[in-house]
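Visitor: Residue numbers (the numbering used here), protein chains in the order written: chain A, 24 to 178; chain B, 24 to 178.
Worth double-checking, as some hints may not be accurate.
What the hints assert, rightly or not - Rough simulated footprint, nothing fancy, chain A against chain B, three-plus residues with beta-carbon under 8 Å:
#1 85–97
#2 100–106
#3 119–130
Claimed, not checked - Here are some chain B residues pointing at chain A (derived, C-beta under 8 Å):
#4 39
#5 109
#6 146
Hints were generated in silico from the structure; no laboratory data involved.
As the structure is a prediction and not an experimental result, all values here were calculated from the model.
Glycine included, C-beta positions come from ideal geometry on N, C-alpha and C.
2 protein chains.
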Amino acid sequence: MAEQAQGPPPARSRPERRADALVRLQGDVDLWVASADETGSAYLVPLSFYWDGATLTISTPRASRTGTNLARAGWARVALGHTRDVVIVEGSVETLEIGADRPLEDAHAEATGFDPRAEAQEYVYFRITPDTVQAWRESNELRGRRLMRGGEWLD
Amino acid sequence: MAEQAQGPPPARSRPERRADALVRLQGDVDLWVASADETGSAYLVPLSFYWDGATLTISTPRASRTGTNLARAGWARVALGHTRDVVIVEGSVETLEIGADRPLEDAHAEATGFDPRAEAQEYVYFRITPDTVQAWRESNELRGRRLMRGGEWLD
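This is chain A alone, in the form it adopts within the complex (with noise of 0.2 Å):
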């Protein structure tokens, strides 16, 4: 007699999450920003984004929220997906001035459909390096939800 399935599906491999999360950095197109000023207050905007391969490239104005703290704290804490299947980047930020990497800047244009360089606003693009990768869907997927640590993907 067949099990009934009761609860969610199994948790996925590693491996097999490792695929999910950069077939979702590799597709999507939006990501959540979290951020924080030197006081402790915490922000939290929708973004757009391009994946090179290995790192996250958004762009926002340089007087907003997101821009002044990103600038300031160096680092960022983004989600992809949905808050039963999310993927969270941590990582290291990197803040580059319009004209500082024009292939970079196209690509971005591309991936977005959003060009800051056409905005009367002054924008600044934040670069991303992946430090840690985490991906989980339920509550069984918290275990084994780590995928890289110190900037390399593990095993």
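Using the hints provided, position chain B relative to the given structure of chain A.
Guide: The following block gives chain B in isolation, referenced to the frame of chain A:
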């Protein structure tokens, strides 16, 4: 001759956005919680919530980063929905110990499918009273995104 659709649909009116936001508050199960510590290090996780018609209640381990951050800050910024259909709520946070409000705890367990009172680890509840609510889909809805200010729904 009918005009062809271009770009996103027309921006919703404020009453439409408020109605859509209330549907999410009443029907969604999860949200994104941004928080930060006193040094300005930002954090971000998905959590389940319960909406009682006026406040949002979430629960997380007391010793977790989100738990520590929310208890310290007494303020939260949370996001419901998707990156292109977002409801963002900011408001003050009240920490409720387990046992402090049993009807609320029962309602939270029923809404989320998760009962922190049954966990070995020590959980607390955080009740968020909205001060501001914003809702937008695409960039054409950034104008007019504010639906609540100072705890009052805007007409």
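Visitor: Now tell me, hint by hint, if it's right for this structure.
Guide: Now the hints, each set against the structure:
no.	hint	verdict
1	85–97	holds (count 3)
2	100–106	holds (count 5)
3	119–130	violated (count 0)
4	39	20 Å, violated
5	109	6 Å, holds
6	146	13 Å, violated
The structure shown violates the earlier hints numbered 3, 4, 6.
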